[in-house]
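Peer 1: Take the sequences, apply the hints, and build the full model.
Number of protein chains: 2
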Amino acid sequence: MVDILHRVGITAPPEKVYEALTTVEGLAAWWTTDTSGNGEDVLQFRFGDLGGFDMKVLDLRPDTRVLWEVVDGPAEWIGTTVSFELTQEGAWTVLMFAHAGWREPVEFMNHCSTKWAIFLMSLKSLVETGSGAPHPRDVQISNWH
Amino acid sequence: MVDILHRVGITAPPEKVYEALTTVEGLAAWWTTDTSGNGEDVLQFRFGDLGGFDMKVLDLRPDTRVLWEVVDGPAEWIGTTVSFELTQEGAWTVLMFAHAGWREPVEFMNHCSTKWAIFLMSLKSLVETGSGAPHPRDVQISNWH
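Protein sequence lines correspond, in order, to chains W and L. Position 76 of the first sequence, counting from 1, maps to 76 under this note's numbering, and the rest follow consecutively. Position 20 of the second sequence, counting from 1, maps to 1020 under this note's numbering, and the rest follow consecutively.
FYI, nobody ran anything at the bench for these hints, they're computed from the structure. Model, not experiment: these values are computed from the prediction. Don't be surprised by glycine CBs; every beta carbon is placed ideally from N, CA and C. Warning: the hint list may mix true and false statements.
[To be verified] Here's a subset of chain L near chain W, in silico, CB distances under 7 Å, partners left out: (1) L1005; (2) H1006; (3) W1092; (4) M1096; (5) N1110; (6) S1113; (7) T1114; (8) I1141; (9) S1142.
Peer 2: As structure tokens, this is what we get:
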């Protein structure tokens, strides 16, 4: 079992970051514009021809923690978990990210690791400036998009 | 033992990417402007007050592979390896990156994972456009810079 790990700091209160992680409006503004669900049960994220993911919301602790389980999507993702842990450090909200439980470190995992970093920077930008770069205007990192 | 993995694609021939990974001039243009060494023995990378790393070059396969071992720097980095594997896929050079052999998934590893993604995007930009974003003009991701 291998994990993708990231850490970003955002100059905004935890509640602002939590909002961007737990509302369809927020998620659509940094990850993919094609997001649906009610924010508390199963969320659907779609990326056009590239497919998408369904996330079951396993845990929500206001301003502190979001935990999803991937219930549909690419075979490598199903059963993995995605977590966001928030802590306040002075003027910063520190976001610790993990996409955990990959069965094998396949090439697609490398791709997803880099892509998650790019999307977390999109989240940071959204919360700090009001403007993110969600799909389909996300930053392209390779021939896999 | 846990690893940081990334994958980026660069629209340039492998030899251009290899050059940016194996010359002091190239490395200084995407990772840190304060790079020294001869590209073939031990390389010194410095980041001002944030410290730096000494990398022993363990393997160089032209246009295909670069492997370093960290011989000095933060305790968590010493003894870890950093590798860049290049393959050509049509108009793209695909770069598979691994910073391998971390003893524990400490918070600093999360930070380094995100920061490596940012620096690999700097490398991509350098090779594709002639302009990267090395330290000290690197993209800040958090309170840890």
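Peer 1: Work down the list of hints and note, for each, if the structure agrees.
Peer 2: Right, here's what the structure says about each hint:
Interface restraint check: L/L1005 against chain W, minimum CB-CB distance 4 Å, threshold 7 Å, status holds. With a cut of 7 Å, the hint placing L/H1006 at the interface with chain W holds, because the nearest CB-to-CB distance is about 4 Å. For the restraint placing L/W1092 at the interface with chain W, the shortest Cβ-Cβ distance is roughly 5 Å, inside the 7 Å limit, so the hint holds. About 6 Å separates the beta-carbon of L/M1096 from the nearest beta-carbon of chain W, less than 7 Å, and the hint is met.
Proximity of L/N1110 to chain W holds as hinted, the smallest CB-CB distance being about 4 Å (cut-off 7 Å). For the restraint placing L/S1113 at the interface with chain W, the shortest Cβ-Cβ distance is roughly 5 Å, inside the 7 Å limit, so the hint holds. Interface hint status for L/T1114: upheld, as the beta-carbon distance to the closest one in chain W is roughly 4 Å, under 7 Å. A hinted interface residue such as L/I1141 counts as satisfied when its beta carbon comes closer than 7 Å to some beta carbon of chain W; here the least separation is about 5 Å, so the hint holds.
Here the hint on L/S1142 is kept, as its CB sits about 3 Å from the closest CB of chain W, short of 7 Å.
Hint compliance for this structure: every hint is met.
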